[in-house]
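All chains, full assembly: derive it from the sequences and hints.
Residue numbers for the sequence shown, in our numbering: 1 to 757.
Simulated from the structure, these hints should not be mistaken for laboratory data.
Straight line, CA to CA, 30 Å or less: simulated DSSO-like cross-link-like pairs of lysine-lysine:
{"hint": "1", "residue 1": "688", "residue 2": "285"}
{"hint": "2", "residue 1": "671", "residue 2": "735"}
{"hint": "3", "residue 1": "266", "residue 2": "285"}
{"hint": "4", "residue 1": "216", "residue 2": "571"}
{"hint": "5", "residue 1": "103", "residue 2": "571"}
{"hint": "6", "residue 1": "175", "residue 2": "103"}
{"hint": "7", "residue 1": "103", "residue 2": "216"}
{"hint": "8", "residue 1": "216", "residue 2": "78"}
{"hint": "9", "residue 1": "282", "residue 2": "266"}
{"hint": "10", "residue 1": "735", "residue 2": "282"}
{"hint": "11", "residue 1": "688", "residue 2": "175"}
{"hint": "12", "residue 1": "78", "residue 2": "571"}
{"hint": "13", "residue 1": "78", "residue 2": "228"}
{"hint": "14", "residue 1": "216", "residue 2": "228"}
{"hint": "15", "residue 1": "175", "residue 2": "78"}
{"hint": "16", "residue 1": "688", "residue 2": "103"}
{"hint": "17", "residue 1": "266", "residue 2": "735"}
{"hint": "18", "residue 1": "78", "residue 2": "103"}
{"hint": "19", "residue 1": "228", "residue 2": "571"}
{"hint": "20", "residue 1": "175", "residue 2": "216"}
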Amino acid sequence: MPWRSRIADGAALLTLVTLPALSREPSIPPRSSTPVAIPRLTAPVTFDGLSDEAAWRDVPPLPMVMMMPNFGLPPSEKTEVRLGFDEGYLWVAACLFDREPDKIQAPSKKRDYMEPNTDWFGVVIDTFCDKENGLGFMTTPSGLRWDGAIFNDAVMSSPLQEPINLSWNTFWDVKVVTNGQGWFVEMRIPFSSLRFQQTDGRVVMGLVVWRWIARKNEQIVFPAIYPKWGFMSAWKPSQAQEICLEGVRSRNPLYIAPYALGGYAKSYDLDATESFYLRTQKPTKEAGLDVKYGLSSSFTLDVTLNPDFAQVEADDQQVNLTRFSLFYPEKRLFFQERSSTFDFNFGASSRLFYTRRMGIYLAEDEEEGEGEIARLYGGTRLVGRAGPWDIGLMDMQQASVAGTPSKNLGVLRLRRRVFNPYSYVGGMMTSVIGADGSYNTCYGLDGIFRVTGDDYLMMAWAQSFENGKENRLLSIDPARFRLAYERRTDEGLGFYAGVSRAGRAYNPGLGFEMREDFTSTRERLAYGWIPGERSWLQSHSVYAEGFFYLRNSDRTIESARFGPGWEFNAKAGWGGQLSLLGYHESLRELLEFTTEVGVPPGEYDFVGVQGEFHTAMGSLFSSMFTVDAGSFYDGWRTTLRAMPNWSILPDLTLGGTYEFNWVNFPDRGQKFIAHLVQLRLVATLSTKTSLLSYIQYNGVDDLVVANLRLRFNPREGNDLYLVYNEVLNTDRLGKIPYPPSSGGRAILLKYSYTFNF
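Shown next as structure tokens:
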């Protein structure tokens, strides 16, 4: 096919030009090969943000170094960081001097606000020293708290999944003081909030310290981490400095957190004949209980009764121009503790266990993101580490819904480190057992092996068993496997090569799959540069990547994509990428975008251009722009996006997305235009009180979805939410039967309080 030949020739030329290039050999400051001893504080500390007590003067500061924009240089602003501990806490003190204190940026006080337009300071702690997982504790000059769980060594498994669990929260405190010299921080992290292993009273962890100066696009770190993994280099547990603490005594906390939810909800749903809408209005009354108990320093038990469904959260609206399900992240608190233990993926968003399948009923013709809520009566969850083993166990009971029986949902996960600190093998079992005797069970085996340097080998195999099916062990029909080899680096030669297969009978009852019955290959070849101090570029790379999906039934190509591209990042903070892509799509049935517009079955070849540009993200006003344009099946497509973010005033941030989709099939006289608008307004009165307004318009479904949320969080575990949700139909006359103007409305008041014993 002509487009394949032209794009392949361009990719080959790009490879020949780049492979001979030599990258700069960095001069990396040395780090300690043995764990750095963290001293026990010799005197009490006044928790006020200022580390001026005698106890801190006895603690030497850590040697901080610039990571970006010019690796290895001294920080442009004096940075002193000290760590110590006492009987109950790990203490972090930072003196973050700034010669221009009026230019320090802190536009928000909102809990878990995470944007690059504010100055940051924090630590990443690899509590089990497993070189893969870490806990992040961050703050800004406004004194807000941000915490998150890093997994997969901060490597993205797909563009859809950041390697950070932003929904994880725990108990800790921070005090911040800002004055004419800069800003100053004290963090107090209870050992009861850190799961770890100890041997003879000695605990070894991994540590990364990180400072971000927004206006300078500058990252300052300890230890010295070379930025060959991009912005996330400073978040990689594998690059952490090992530290040791002597005489630490763990405390096994008990948290009991009841919640109550009340309100009023109104909805309109089609009747059984789909001829008119029925109005349902009723009060909302829910109550539940979560219990978290530290069985030991390395194991945590969670018990839940009638868990909530994150009713105060709202999923992003999306315009789906593909033929596949959309993947949404998990936000329910019960599933957050060390959630990476339960990760078993086949690349992209395919996984053996997807927690959002718990408590959601999907009919056979429904996609993820649809379905209806199925009540969870309750369940238990155990996660932790024993020796070299990571262990996770979960069991939930789901209520009957839509005529289906009540179901028991179970998961068992085991992983063990092998060969070196960066490799593991593991297994998983999942089960869905209905009260009527129906069942769906799966087992899986997986492993990641660090072969040498940045080279990794990844393997995974899973098989499903169901009632009424021919179940044969090791049969490939109900099985899924993946084999991949990659070099993880943004400098020099990087690559990925993988093959994956899903059998026609593979059905992971608690998993997520975008395709069925396929064999695929995925490839990426890249060469990157970090030019050094004299260049205006922070990094740039050229690459060629592609994938092929084959139908197992007849070995024909179902989907293919291939093409070259260029990605760049400037030291000033702006950057982007540009790629030329060729596509092949084989349709066996009608692909519908709307009720009037679709693509008939057939074989299609088309070519498109994708581009992205973002302004300096450390600015108080920034934006990202993307374009995806070209031929599209037997027509044309243009998708434009603008995603601005503006800190209008201190404590007031306006952000949003505008997406324009134009699809035209002139030969068939079909076209449609779809708009997606998202507007987010965040106002913070203090670090304890925030107001979020999130309004979305989806032009495909002709819906406006509004979510207004007031949160009062006087301390961790004590939350009051007042929430207003509204769904509006914007095209009433274009549908039969006519929908009501309001598709649904809810006013909710939710309160939760955590008792700490």
